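Asks: With chain H held as given, fit chain G onto it using these hints.
Those protein sequence lines, which keep their order, are chains H and G.
Just so you know, the first sequence maps onto residues 8 to 368 in my numbering.
Just so you know, the second sequence maps onto residues -8 to 337 in my numbering.
Quick caveat, the hints were computed from the structure, so don't treat them as lab data.
From a predicted model like this one, the values you see are computed outputs, not experimental measurements.
Hints are supplied without guarantee of correctness; some may be wrong.
Straight-line C-alpha distance at most 16 angstroms; calculated EDC-like pairs for lysine to aspartate or glutamate [what the hints assert, rightly or not]:
no., chain 1, residue 1, chain 2, residue 2
1, H, Lys36, H, Asp319
2, G, Lys168, H, Asp124
3, G, Lys174, H, Asp124
What follows is a set of in silico ranges between Cβ atoms, one per label pair, in the way DEER data are often shown [said to hold, decoys possible]:
no., chain 1, residue 1, chain 2, residue 2, range
4, G, Leu280, H, Leu367, 52 to 58 angstroms
5, G, Asn161, H, Glu202, 16 to 22 angstroms
6, G, Ser37, H, Ala58, 17 to 23 angstroms
7, H, Ala282, G, Pro103, 47 to 53 angstroms
8, H, Glu199, G, Thr331, 57 to 63 angstroms
9, G, Ser37, H, Asn221, 36 to 42 angstroms
10, G, Trp160, H, Gly86, 47 to 53 angstroms
11, H, Asn221, G, Ala159, 18 to 24 angstroms
12, H, Asn223, G, Gly319, 18 to 24 angstroms
13, G, Val324, H, Ser112, 32 to 38 angstroms
We put the CB at the ideal spot given by N, CA and C, even for glycine.
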Amino acid sequence: MSIQGISRGLLIAGALGVCLAGPAFAETKTLSVKPGAPTDVPEKFANKDVAIAVVRQLNVGDVYQAWISGVEAEADRLGVKLTVYDADGDNAKQALQLQQAAATSPDAILIGWGFGDSLQAGLEAACSAGIPVVAANASVEASDCVTLVNQSEHLMMQGIMDQFKADMGGEVKGDVIYVYVAGYRPLDLRNEVWETFKAENPGVNQVAQIGVVNANTAAQTADQAKAALSANPDTIAIIAPYDEFTKGAALAITELGLQDKVKTYGMDISTADIAVMTEDGSPWVATATTDMANFGAVSLRVAAGEITDAYDGNDLQIPPLVITQEDLRTKGIKNVEQLGEAFPALATPNLAEAPWMAKLD
Amino acid sequence: MADTSARQTGAGTNEYSRPDGFERGKAFVYRYGLLTVLVVMIAYFSATQPFFRTFANAMIILQAASIVAVVGLGCTVSMTVGGFDLSVGSAMSLSIMAAAAAMVIGDVGGVPAILIGILAGLAVGVFNSLLIVLARVPDLVATLSTLFLVNGLTLMGVSGQSVAEGMAWNGTTTSGKFAPIFKWLGSGKVVSIPSSVIVAGLVFLFVVGLLNYTRWGRAFYAVGGNPIAAAAAGIRVARYRVSAYLISGGLAAIAGLMLAARSNRGDVNVGDPYLLQAVSAALVGYAVLGANKPNAFGTLIGAVFVAVLINGLTMFNFPYYAQSFVQGVLLVVALLMSYTLGPRRR
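With the rest of the complex left out, here is chain H (with noise of 0.2 angstroms):
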């Protein structure tokens, strides 16, 4: 039920090019392309002159390989060069490699995750220096020129929240254990949800909470899940609303036996991930996601509008997809290719394409 709805939800905010406002900041407003944005295709990107730097946090793992993949995509479709500057999960490290960025004047900057503690005196620079930039899901502010492109961490834990009550037949209730770190903007907006779905629905008992984020998230919270799972024998769902933690959620109750009494309602889609869900017996029974590939590809372009003028407003939300096991097996898929061709919602795109962009197709 919640497919459809956010899929409509998906189709009508695709069509007018505008997207579900997220949490509102003074000077945030939602995106949309302008009516003055140009129509032909401006003589840098026709040239193929355009030099975008693309600085990420966060690089191994598929969530992140897709996103540059998506990236990359769409700077070979719109003739833009990129430099790409991983910072291996070292904030310290991306800091720097934002001023070097800076530095090098491109015509803009994408941010692929980060912190705006750490960000700070980079974005100054890009911003003094005129270089638009826009940050893809990390914690920075909107301002003139610093344009957000998220994911709806909102409507995603919204709408793997509807399935779990779905599935429990319109009313939750028993032991659960949540999964989450604090300090991860996604996973803080997802909690803001988490929290709201607790104080609605008062069956639910949170026995425990776990989590860990690094280098060995999925097996470490594996281990931290049995433990819990062992001492709360009661336990019907395992909430872990990131993909590292689904997989070791999903591993856990795996290893215990436990898939018959106890599910896990995750979050993200990757090709290892759907392998995860659709194997027999597995207790990962809903995820939702944004396609990492497309929201790649859709960072890129609105980084490409910025220098070409072509948006008002600054912050775009990508809307988002709940897809169970039960599709998956359904319709057999295997990998993130099939789940696009199955689920055309997934793929936006309408979002952010300024009319010049459509004449390079």
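Replies: Okay, now just chain G, sitting in the frame of chain H:
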């Protein structure tokens, strides 16, 4: 290029019958090979990438090298006494967390936070010394256990969370801020030279002065070369080994403060990867000027070498996984220079 071919033929067995020219070529590669490669690399990047040859980029390269250089110089000191400090990465993480928590949660201000961070690093050095000198546990295993202990301690102290301004702590939102001196250390400049480069430069002068120009330095190397002979010559071996681990911990702490200042956060376990980077810089340093031993100048070159390489390769859009491979190639080449081309040891 002639040097390279000489090195390759040098793999043959009858090297004693080679003419003098070959031996001279081998000696040149042994002493200057790595520096030559560095110069050639810089020349190539400068010729092909206009931004590479700017002053701004030179400063970015030195900034990128500064943290690895400071930790690496600490490792160098512990290596001179024949030791090996595996705990430098965790000492970094501890000092980062201690300083960040002192400011954000404790709201103590900049200078006390810096002192707390450095004391945390020294404490790791003290603990290593107790294990190694007093309890006579071998260096490698002693510092390995310290690595885990300190990592765990760091995480326990902050309940596994990263420390950032405005974080939730015990149910309330913290109000402490990263002090201005940290912001200066992270992104400040003195006459267009970034402050982290200046700090790394001062640390380098300290270590090079200590190891190369003082009686202490000679004693460090004597202890590392042959502790029994050193003791027989009246050198108080234990004292030098303790000092070496204190310096190693202290410098790791300084590197940690530099890192925290640049990211303006205290991130969980963020120091860990620096252990391997630092050890690698120190080992590459063996091959610089044919030193064939831990040395401060070599370590500095080792750190700068990697920073130049990564900076240049990024401009050529080398993916991150290939960069790690290239770094491995550099290390192997450096090790071949110092171990294979170097004077034979028994």
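Asks: Against this structure, judge whether each hint is valid.
Replies: Outcome of the hint check:
For the given pair, Lys36(H) sits about 8 angstroms from Asp319(H) by alpha-carbon distance, which is consistent with the 16 angstroms threshold. For the suggested pair Lys168(G) and Asp124(H), the alpha carbons sit about 11 angstroms apart, so the restraint of at most 16 angstroms is met. At most 16 angstroms may separate the alpha-carbon atoms for a hinted pair to count; Lys174(G) and Asp124(H) meet this at roughly 10 angstroms. Our hint of 52 to 58 angstroms for Leu280(G) and Leu367(H) holds, since their Cβ atoms are close to 55 angstroms apart.
For the pair Asn161(G) and Glu202(H), the supplied restraint of 16 to 22 angstroms holds, since their beta-carbon distance comes to about 18 angstroms. Checked against the hint of 17 to 23 angstroms, the C-beta distance between Ser37(G) and Ala58(H) comes to roughly 19 angstroms, which is consistent with it. For the pair Ala282(H) and Pro103(G), the supplied restraint of 47 to 53 angstroms holds, since their beta-carbon distance comes to about 52 angstroms. The supplied range of 57 to 63 angstroms is met by Glu199(H) and Thr331(G), whose beta-carbon atoms lie about 60 angstroms from each other.
For Ser37(G) paired with Asn221(H), a C-beta distance near 38 angstroms keeps the hint of 36 to 42 angstroms intact. For the pair Trp160(G) and Gly86(H), the supplied restraint of 47 to 53 angstroms holds, since their beta-carbon distance comes to about 49 angstroms. Between Asn221(H) and Ala159(G) the beta carbon distance is about 20 angstroms. The supplied range of 18 to 24 angstroms therefore holds. For Asn223(H) paired with Gly319(G), a C-beta distance near 22 angstroms keeps the hint of 18 to 24 angstroms intact.
Distance hint for Val324(G) and Ser112(H): a CB-CB separation of about 34 angstroms, consistent with the stated range 32 to 38 angstroms.
Hint compliance for this structure: every hint is met.
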